[in-house]
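Enquirer: Sequence:
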Amino acid sequence: MLMESDYCIPCILKMSAEIIRGVTKDEEQVHEFMGEILKMKDLRRDKSKITPSEIVRDIWLRMQKFCSVEDPLKESRAEQNRKALNIYPFVKELLHESPDPILQALKFAIAGNSIDAMLDAKRGIDRKIIGFLSSINPKAVEEFKERLEKARKIVYFTDNCGEIVFDRLLIETIRAEYNCEIMAITRTIPILNDATLEDAISVGLGEVAFVMENGIKEPLPGTILGKVSPEVRAAVDEADLIISKGGANYETLTEEDGVTGKTTYLFQAKCYPYCRAHNVPLGALIVYNN
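In terms of the numbering used here, the sequence shown has 1238 at position 72, counting the first letter as 1, and numbering is strictly consecutive.
It is worth saying that the hints were derived from the structure and are not from the lab. Just so it is clear, the structure is predicted and the values come from calculations on it, not from any experiment. Check before you lean on any hint, since a few could be wrong.
As the list claims (entries may be wrong) - Have a look at the derived ranges for each label pair, beta carbon to beta carbon:
| no. | residue 1 | residue 2 | range |
| --- | --- | --- | --- |
| 1 | Pro1176 | Lys1319 | 38 to 44 Å |
| 2 | Asp1423 | Lys1319 | 16 to 22 Å |
| 3 | Ala1183 | Phe1376 | 34 to 40 Å |
| 4 | Asp1208 | Lys1240 | 21 to 27 Å |
| 5 | Ala1244 | Ala1443 | 31 to 37 Å |
| 6 | Glu1202 | Arg1442 | 30 to 36 Å |
What the hints assert, rightly or not - Below, simulated DSS-like cross-link-like pairs (lysine-lysine); rule was C-alpha separation at most 27 Å, straight line:
| no. | residue 1 | residue 2 |
| --- | --- | --- |
| 7 | Lys1436 | Lys1305 |
| 8 | Lys1180 | Lys1205 |
| 9 | Lys1205 | Lys1191 |
| 10 | Lys1428 | Lys1319 |
C-beta atoms are modelled at their ideal positions from N, C-alpha and C, and glycine is treated no differently.
My request is simple: use the sequences and hints to build the entire structure.
Expert: Have a look at this one:
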C-alpha cells in the first residue's frame, strides 16, 4: 500500500510531534525538529513511489541524530510489554472458556495495544471489551482457519510491543489446534514501538515459536523482502502461510509479489485509506486473506 499524501502525511507528522515531545520537553527543540521534517523531499515525492513506512524510517533517522538517542522509545516499549503481561492471565482464561478460541485470540491479537485501557488488573476483563471485540468478518476468519488446516510451516511477522503478548496467545492457540511449525519474526533495529528480539524473548514468545530477527539493517517499520536476511527470505519462500501483523507490515508486504496467495493480514482500520480499501468503519478489526 503506497502513500496517500492527503491522509498519510498529516498522520505521520502528528506521530512525529508526539514522539519528539516524549523525548524533549523543550518546545523550541520540538519546533526546530518539526521544521526540519517539513523540509524533507520525501514528503513532496510522488505518492506512487514510496510507502508510509519508508517515510517513517527517514524521520526516525533524523530524530536519532537530532536527539543523539539511538532508541527514543525503549522505555515506552518495555512499559507496554509490562502492561500486556499483567493482562495475559485474564485473556488466557477468556480464551480457555471460549467456544471458538481461534476467533477470540485473533481479536485480541489484532486489537493489541487498544486493549490495556479497557482492562482492570484487579477485576479482570471489563465488560465493555466484549463489545469492542465483537465485530470481525466471519467469512475471513473461516478462510483463515482453512489456511491453518493446510499449513505446516507458518511465518508470523510481529508488530508492536504490548500486543506481542497477544501474538504469543494467538500462536499458542494455533499450535494447540493445528499441526504446524511457527517462526515469529521481529525487527532487528529498533523503530517506534515495534518489537525487537529482546522484546519478544522478554514476553515468552520464544516458548511457543522459533523467534528470529528480520535482518533489516535499518529502522524500517514494516517488511521489505529485498532487505531481509537470507534466512528470513528462505523461510518466507518455504512457508505455507504468512501471518502479517499491523499496518506497517500490511503497507509494505502488499507491495511484494512473492507472498500473494498465502498471506493473511491482521490489523486494525486506524485510518481512512484502510477503511476505504476494506469497506469497514474506523477501528474495525481486519482479517485480510490475500
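Enquirer: Checking each numbered hint in turn, tell me which of them this model violates, lowest number first.
Expert: none
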